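Chemist: Sequence:
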Amino acid sequence: MKKALRTILLFSLLATLSACGTNDETGESVTPSSNIPVVTGNFGEEPSFEIPLTDPPAELQTVDLILGTGATVNANSFLTVNYSLKAWTSGQLVESSFASGPAEFPLSGVIAGWQQGLLGVKEGGRRLLVIPPDLGYGDQGAGAAIPPGETLVFVVDVIKAVG
Numbered sequence: 001m002k003k004a005l006r007t008i009l010l011f012s013l014l015a016t017l018s019a020c021g022t023n024d025e026t027g028e029s030v031t032p033s034s035n036i037p038v039v040t041g042n043f044g045e046e047p048s049f050e051i052p053l054t055d056p057p058a059e060l061q062t063v064d065l066i067l068g069t070g071a072t073v074n075a076n077s078f079l080t081v082n083y084s085l086k087a088w089t090s091g092q093l094v095e096s097s098f099a100s101g102p103a104e105f106p107l108s109g110v111i112a113g114w115q116q117g118l119l120g121v122k123e124g125g126r127r128l129l130v131i132p133p134d135l136g137y138g139d140q141g142a143g144a145a146i147p148p149g150e151t152l153v154f155v156v157d158v159i160k161a162v163g
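Heads up: the sequence shown begins at 1 in my numbering, then just goes up one per residue.
Hints listed in this document are in silico derivations from the structure and should not be mistaken for laboratory results.
Note that the coordinates shown come from a computational prediction; the quantities given were computed from them, not determined experimentally.
Where a beta carbon is used, it is the ideal one built from N, C-alpha and C, also for glycine.
Warning: the hint list may mix true and false statements.
[To be verified] Derived CB-CB ranges, DEER-like: (1) E95 x T69: 17 to 23 Å; (2) P148 x G44: 22 to 28 Å; (3) T69 x G143: 32 to 38 Å; (4) P102 x A75: 18 to 24 Å; (5) E50 x N76: 30 to 36 Å; (6) D139 x E46: 15 to 21 Å.
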């Protein structure tokens, strides 16, 4: 009986994992659900993505678009990344490091949505983050491009993770 239960649990886990919105190094579009942006582009290239005309998710959403093979990001990591940021409401590009060069910082020094959303990504990986206001800039916003209560959409390429 225990063996049968383990087998059922294993197949359930495999079915769940196979349904996740991950992709290989091709950088092809991934559409995990109707209220998550579709992203195209290869690692190291400026991604292309559009914000859907729906209400934003209320909770943090992460989708591995390209699976990396290097070191894994943890809470103590010092990161080198490229990223693009769009505001959900306007759909406009707010900021991108792809043209200006990678950003470097300790994971502990950024917004909570990154601290939670980037855990487990491997070097060479690309992850989509849809960050609700409470894990982003909240009721304060961050300048004219990120008003109070804004949902943030990031596409992040992890170039290096140390620590």
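Chemist: State for each hint whether it applies.
Modeler: Each hint, compared with the structure:
In this structure the supplied range 17 to 23 Å is violated for E95 paired with T69, their Cβ-Cβ distance being about 28 Å. Against the hinted window of 22 to 28 Å, the Cβ-Cβ separation of P148 and G44 comes to about 34 Å, which falls outside the hint. At about 36 Å, the CB distance of T69 to G143 agrees with the hint of 32 to 38 Å. At about 21 Å, the beta-carbon gap between P102 and A75 stays in the expected band of 18 to 24 Å.
A hinted range of 30 to 36 Å for the beta carbons of E50 and N76 is consistent with their spacing of about 35 Å. Between D139 and E46 the C-beta distance comes to about 31 Å, which lies outside the given range of 15 to 21 Å.
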